[in-house]
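Asker: Here's the letter readout for the chains.
Number of protein chains: 2
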Amino acid sequence: MKQDKILLAHGGGGRLSYELIKETILSAFGNPILNNLDDSASLPSECHRLALSTDSHVVKPLFFHGGDIGKLAIFGTVNDLAMVGAGPYYISVALMIEEGLTMATFRRVIESMKEASKEVDVKIITGDTKVVERGGLDKLFINTTGIGYIPDGINISGRNARVGDLILLSGTVGDHGIAILTEREGFQFQAEIKSDCAPLNGLVTDMLDVSKNIHVLRDPTRGGIATTLNEIALQSGVEMMIDEAKIPIREEVKGACEMLGLDVFSVANEGKLVALVPEEDGEKVLEAMKDNPLGREVAIIGRVKGDSKSRVILKTLIGGKRILDMPSGELLPRIC
Amino acid sequence: MKQDKILLAHGGGGRLSYELIKETILSAFGNPILNNLDDSASLPSECHRLALSTDSHVVKPLFFHGGDIGKLAIFGTVNDLAMVGAGPYYISVALMIEEGLTMATFRRVIESMKEASKEVDVKIITGDTKVVERGGLDKLFINTTGIGYIPDGINISGRNARVGDLILLSGTVGDHGIAILTEREGFQFQAEIKSDCAPLNGLVTDMLDVSKNIHVLRDPTRGGIATTLNEIALQSGVEMMIDEAKIPIREEVKGACEMLGLDVFSVANEGKLVALVPEEDGEKVLEAMKDNPLGREVAIIGRVKGDSKSRVILKTLIGGKRILDMPSGELLPRIC
Chain G
1 MKQDKILLAH GGGGRLSYEL IKETILSAFG NPILNNLDDS ASLPSECHRL
51 ALSTDSHVVK PLFFHGGDIG KLAIFGTVND LAMVGAGPYY ISVALMIEEG
101 LTMATFRRVI ESMKEASKEV DVKIITGDTK VVERGGLDKL FINTTGIGYI
151 PDGINISGRN ARVGDLILLS GTVGDHGIAI LTEREGFQFQ AEIKSDCAPL
201 NGLVTDMLDV SKNIHVLRDP TRGGIATTLN EIALQSGVEM MIDEAKIPIR
251 EEVKGACEML GLDVFSVANE GKLVALVPEE DGEKVLEAMK DNPLGREVAI
301 IGRVKGDSKS RVILKTLIGG KRILDMPSGE LLPRIC
Chain B
1001 MKQDKILLAH GGGGRLSYEL IKETILSAFG NPILNNLDDS ASLPSECHRL
1051 ALSTDSHVVK PLFFHGGDIG KLAIFGTVND LAMVGAGPYY ISVALMIEEG
1101 LTMATFRRVI ESMKEASKEV DVKIITGDTK VVERGGLDKL FINTTGIGYI
1151 PDGINISGRN ARVGDLILLS GTVGDHGIAI LTEREGFQFQ AEIKSDCAPL
1201 NGLVTDMLDV SKNIHVLRDP TRGGIATTLN EIALQSGVEM MIDEAKIPIR
1251 EEVKGACEML GLDVFSVANE GKLVALVPEE DGEKVLEAMK DNPLGREVAI
1301 IGRVKGDSKS RVILKTLIGG KRILDMPSGE LLPRIC
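Each protein sequence line maps, in turn, to chains G and B. Per this note's numbering, the very first residue in the first sequence carries number 1; after that it's consecutive. Per this note's numbering, the very first residue in the second sequence carries number 1001; after that it's consecutive.
Keep in mind that the hints were calculated from the coordinates and are not lab data. One or more hints might be untrue.
To be verified - Derived lysine-lysine pairs resembling BS3-like cross-links, with alpha carbons at most 27 Å apart:
#1 Lys1139/B x Lys60/G
#2 Lys139/G x Lys1060/B
#3 Lys284/G x Lys246/G
#4 Lys1246/B x Lys1309/B
#5 Lys139/G x Lys1005/B
#6 Lys309/G x Lys1002/B
#7 Lys1060/B x Lys1123/B
#8 Lys60/G x Lys1005/B
#9 Lys22/G x Lys1309/B
#10 Lys1139/B x Lys139/G
#11 Lys1309/B x Lys2/G
#12 Lys1114/B x Lys1022/B
#13 Lys1246/B x Lys1305/B
#14 Lys1060/B x Lys60/G
#15 Lys5/G x Lys1060/B
#16 Lys309/G x Lys1022/B
#17 Lys5/G x Lys1139/B
#18 Lys305/G x Lys246/G
#19 Lys123/G x Lys1123/B
Unchecked claim - A short list of chain B residues far from chain G (calculated; beta carbon distances all over 10 Å):
#20 Leu1101
#21 Lys1118
#22 Gly1186
#23 Pro1293
#24 Ile1300
We put the beta carbon where it would ideally sit given N, CA and C, even for glycine.
Turn these sequences into a full structure, and let the hints guide you.
Answerer: Here it is, written out as structure tokens:
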């Protein structure tokens, strides 16, 4: 392609659109289903429960320490599908591009998506490309929507929390949000903070291998674990007791949050999960998670205490108790 | 909800996000699958070939004569799924909103999506809401991604055009593009031009009822019928002969195109389809289409002539022949 910038005509549906798709997108993602280039992708017949999940990615900046918008888009949707136990994955990629984006930036994102989708063995089977005039959007947004098949015997939902369930957290919190914020605002901390952006499907497979009784899985992205735990409490109508001392947090993330006046429990993560499992399966799920690189720092952070109220109680470091509420404002827009 | 504008916090994943989703989105689209509010929607087990299609809608203005972005988003994805013969439909809705959008506008779009999804019996089963700071995007973009089941015995693809196939066009071309353009640029024409925005699934059902041998279906959106016919020619490796005199065009659309210097064959449609059918089934498919309100003006516009070249030949009104190429520039950005 001769152009070194994205033009409006790249989104017009004519010759330039066709060339852009053929030369960058098909050459990166090509597979027999995508290559058909029909209005809809057709999959072979399967008899399974199906999971469907969608996410738009508007992260700013496009590239950050530990990831970029492309990787985030693939892993984000894979993670949402993994949270109901589904796999393998078929994904649609819808690109919304600002006129004038450099072709080099565009190719770099596509390359990153290609690598990410290889890493998790996801097939990109359909897509859409829109180009908006300069100023109509900020550089590049990506929507990824995925489907996956849910194996028989698995029933994971935010509605399934039960009294007595153990609450597991797969690792440290706050890394992604703080990485984006430092990148964006130009903060300098002593240690460089890296996004935890990672695909959780392998970890979930390892967990399901030892227990089919996992009640709830959720990845605490926007709104952090404060939002995730409250959502589960509301959906299941349960009260949780969380022990602050058990929640893994990197020292540098803790320091950054203190300095910036942020509640680390409300900060986004992109490679962590919260699992609610019945007590009898807790130990084996914990061990399975520890054996996976993405679950090495797993901790049991609390327990479902009752079902008379939908709320989350935090036992604080100094021994007091307070309600851990959903964040009510917005400190970190465009975090994912 | 007390706010009369969308705030960044509505996209933060915290309390305001939760309220926005509960009070506007769930109350409009609620169904047992969506109401679970899990990271992925889970569907019951089915044994079928699956179709997946995605589309981002960035149309400007949000409301226009004959439709709006919400209706376009639902019908657009339904139409893409219908073009491989799939149905019924499950859709994900991903909203990208500019901070400061009025709640009244937002509600009006949601209401329109609700009505549109009722009209075609599509279920919205999962979604995502992002809010971007003022200036980060222009008002509202909507991605809709849909799945549908393809009935056994149906095999419709842009690759299936065969020599001898009749080429049917369901109605007039150019209406949507010209409607948007006049709305946007404030042109005044004698007759008001209305977008043809409509769901094509019913028409496709009527066609499939009389013939399982439909080879190709495609809705000529961005890039118009010039793009659609060329795409099919390229995918199937065939040469088509199109008779300009047979292509239905409204007088007012023709006039507007002449005045604006636009090629009507490159202008977008949102409620039309091109069908390629074997000659022996042509008559019955034509009759079935005529009986449907959206196919009343159907015409046989040409035929697949050979398979030595991938191109589209237009027999012009004055009796000459020219190659009908894909449009190479971009005259109408943000048309859908």
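Asker: Please name the hints from earlier in the document that this structure breaks, with their numbers sorted from lowest to highest.
Answerer: Every hint satisfied by this model.
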